[in-house]
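Start from the sequences and build out the full structure, keeping to the hints where you can.
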Amino acid sequence: MSLLIRASALTKKPVVTLDGEDIAQVKDVLYEGSGGSVIGFTLSGRGLFAGPKNVALPWSEVVGCGRDAVMIASDQALQEQQDLVASHDIGERNVLGARLVTDTGVDLGAVVDVIVEAADVADVVGYEVEASAALGGDARNVLIPLPDALSVSGEALMVPAAALDFVSDDLAGFGAAVDDFRASLRGEN
Amino acid sequence: MLFSEALRRPVMSISSATSLGAVDGFVVDVKRPQVVALRLAGSDQVIEWDRIESFGPDAVTVADDEVPAEQKGRVQALADARFALLNKRVLDDRGDESGTVHDVDFDPESGRVTSVITSTGSLDGDRLIGCGPYAVVVRAADAANS
Numbered sequence: 186m187s188l189l190i191r192a193s194a195l196t197k198k199p200v201v202t203l204d205g206e207d208i209a210q211v212k213d214v215l216y217e218g219s220g221g222s223v224i225g226f227t228l229s230g231r232g233l234f235a236g237p238k239n240v241a242l243p244w245s246e247v248v249g250c251g252r253d254a255v256m257i258a259s260d261q262a263l264q265e266q267q268d269l270v271a272s273h274d275i276g277e278r279n280v281l282g283a284r285l286v287t288d289t290g291v292d293l294g295a296v297v298d299v300i301v302e303a304a305d306v307a308d309v310v311g312y313e314v315e316a317s318a319a320l321g322g323d324a325r326n327v328l329i330p331l332p333d334a335l336s337v338s339g340e341a342l343m344v345p346a347a348a349l350d351f352v353s354d355d356l357a358g359f360g361a362a363v364d365d366f367r368a369s370l371r372g373e374n
Numbered sequence: 007m008l009f010s011e012a013l014r015r016p017v018m019s020i021s022s023a024t025s026l027g028a029v030d031g032f033v034v035d036v037k038r039p040q041v042v043a044l045r046l047a048g049s050d051q052v053i054e055w056d057r058i059e060s061f062g063p064d065a066v067t068v069a070d071d072e073v074p075a076e077q078k079g080r081v082q083a084l085a086d087a088r089f090a091l092l093n094k095r096v097l098d099d100r101g102d103e104s105g106t107v108h109d110v111d112f113d114p115e116s117g118r119v120t121s122v123i124t125s126t127g128s129l130d131g132d133r134l135i136g137c138g139p140y141a142v143v144v145r146a147a148d149a150a151n152s
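Chains as they are written, first to last, in the working numbering: chain P, 186 to 374; chain H, 7 to 152.
Hints are computed from structural coordinates only; laboratory data are not their basis. From the three backbone atoms N, C-alpha and C, an ideal C-beta is built for every residue, glycine too. There's no promise every hint is true.
[Unchecked claim] Cross-link-like lysine-lysine pairs, in silico, PhoX-like; alpha carbons within 25 Å at most: (1) P:K197 to H:K94; (2) H:K94 to P:K198; (3) P:K212 to P:K238.
[Said to hold, decoys possible] FRET-style restraints, in silico, Cβ to Cβ: (4) H:A87 to P:A357: 52 to 58 Å; (5) H:E103 to P:V270: 28 to 34 Å; (6) H:N93 to P:L370: 47 to 53 Å; (7) P:V297 to H:D56: 56 to 62 Å; (8) P:G230 to H:G48: 32 to 38 Å; (9) P:A357 to H:E59: 54 to 60 Å; (10) H:D50 to P:A194: 42 to 48 Å; (11) P:L370 to H:P139: 57 to 63 Å; (12) P:G218 to H:Q51: 35 to 41 Å; (13) P:T196 to H:E59: 51 to 57 Å; (14) P:G236 to H:H108: 32 to 38 Å; (15) P:R252 to H:A83: 53 to 59 Å; (16) P:R252 to H:T24: 47 to 53 Å; (17) H:A87 to P:S369: 38 to 44 Å.
[As the list claims (entries may be wrong)] If we take Cβ atoms under 8 Å as the criterion, some of the chain P residues that face chain H in the derived model are: (18) E246; (19) V248; (20) D305; (21) V306.
Here is the structure:
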């Protein structure tokens, strides 16, 4: 399992070329229509050139996405933001604040962050929710794994009730929880 | 030899037996990775590596004190302070930082950069990928220790 990152931790990260130049920083994360993966990032300038840019960074051009920076080969990796948006089905809806509800009708809480697995494809593997009464409701945040394919619609996000068996308190161990949850949905183990 | 050891060493001309100045900095091409020129204190001029006759224990010698009409394009571009290695943050190609550059070890015969000493340890010169105004970029250590 590769690195898991909170989407909120990606914003403001510098975008650095392999030649060591910080050419931009992450402004927002662009999700694919169903919310299942990250398409790329919108960017803003750094330092003197702060402010939104009209270029975007597709995930396919990301060489490395770590604790301190998003690495790209060169500024050739960037493309016009409108081109990136036009070539994908971009999720219009912001999932932050939406209620996460199980298919058995239990409200798990409001989504406060999105957990992304940084690999060849940036898969959205879970949501961090502010736990509802059903999860103890003591104002703590918990991580809920998501199935491979998630259909997002309406004002709430639906997950299989089985996800409750794989809830984590922090990112350490959450990767394994996601793997186990997805395996169980596929009827393995 | 470390950059810190070679700093302030005088550069002497063999033909005139005069000092051209003291070593004040190093111009490195991280793509090779190689020291391509020496910076002299109080001067914009750099001494290109191929003019150096010998990198001796007490002085660096060059054949003559004739200043080339113009610096070679790439060396001049690399001589820009934005590409200096020392004190720059080290970032690997996975996007993780590991300290800043404290010193650089190079072969005084060839100018080859053998290792980079950082605030968190030392890494092989062959891992260097690039160096720019923001960071020195290196190949990430093998997955084993990540």
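- Query: Measuring from beta carbon to beta carbon, are P:R252 and H:A83 in 53 to 59 Å?
  - Reply: violated (31 Å)
- Query: Is the distance from the Cβ of H:D50 to the Cβ of P:A194 consistent with 42 to 48 Å?
  - Reply: Hint holds: Cβ distance 43 Å, inside 42 to 48 Å.
- Query: Minimum Cβ distance from P:D305 to chain H below 8 Å?
  - Reply: violated (13 Å)
- Item | Satisfaction of hint between H:K94 and P:K197, Cα-Cα up to 25 Å | holds (20 Å)
- Message: Holds or violated: the 56 to 62 Å window for the beta-carbon distance between P:V297 and H:D56?
- Response: Cβ of P:V297 to Cβ of H:D56: about 60 Å, so the range 56 to 62 Å holds.
- Task: Go ahead and decide if the range 47 to 53 Å is satisfied by the Cβ distance of H:N93 to P:L370.
- Result: Holds, at about 51 Å.
- Take a look at whether the Cβ-Cβ distance between H:A87 and P:A357 falls inside 52 to 58 Å. 42 Å Cβ-Cβ, so the 52 to 58 Å window is violated.
- Task: Note whether the CB distance of H:A87 and P:S369 lies within 38 to 44 Å or breaks it.
- Result: For H:A87 and P:S369 the Cβ distance comes to about 57 Å; the hint is violated.
- Task: Can you let me know if the beta-carbon spacing of P:G236 and H:H108 is within 32 to 38 Å?
- Result: holds (35 Å)
- Item | Interface hint status, P:E246 versus chain H (Cβ within 8 Å) | violated (13 Å)
- Query: Holds or violated: H:K94 with P:K198, Cα cutoff 25 Å?
  - Reply: At roughly 18 Å apart (the allowed maximum being 25 Å), P:K198 and H:K94 satisfy the hint.
- In this structure, is the beta-carbon distance linking P:L370 and H:P139 contained in 57 to 63 Å? The hinted range 57 to 63 Å is violated for P:L370 and H:P139, with Cβ atoms some 47 Å apart.
Consistency with the previously given hints fails for numbers 4, 11, 12, 15, 17, 18, 20 and 21, ordered from lowest to highest.
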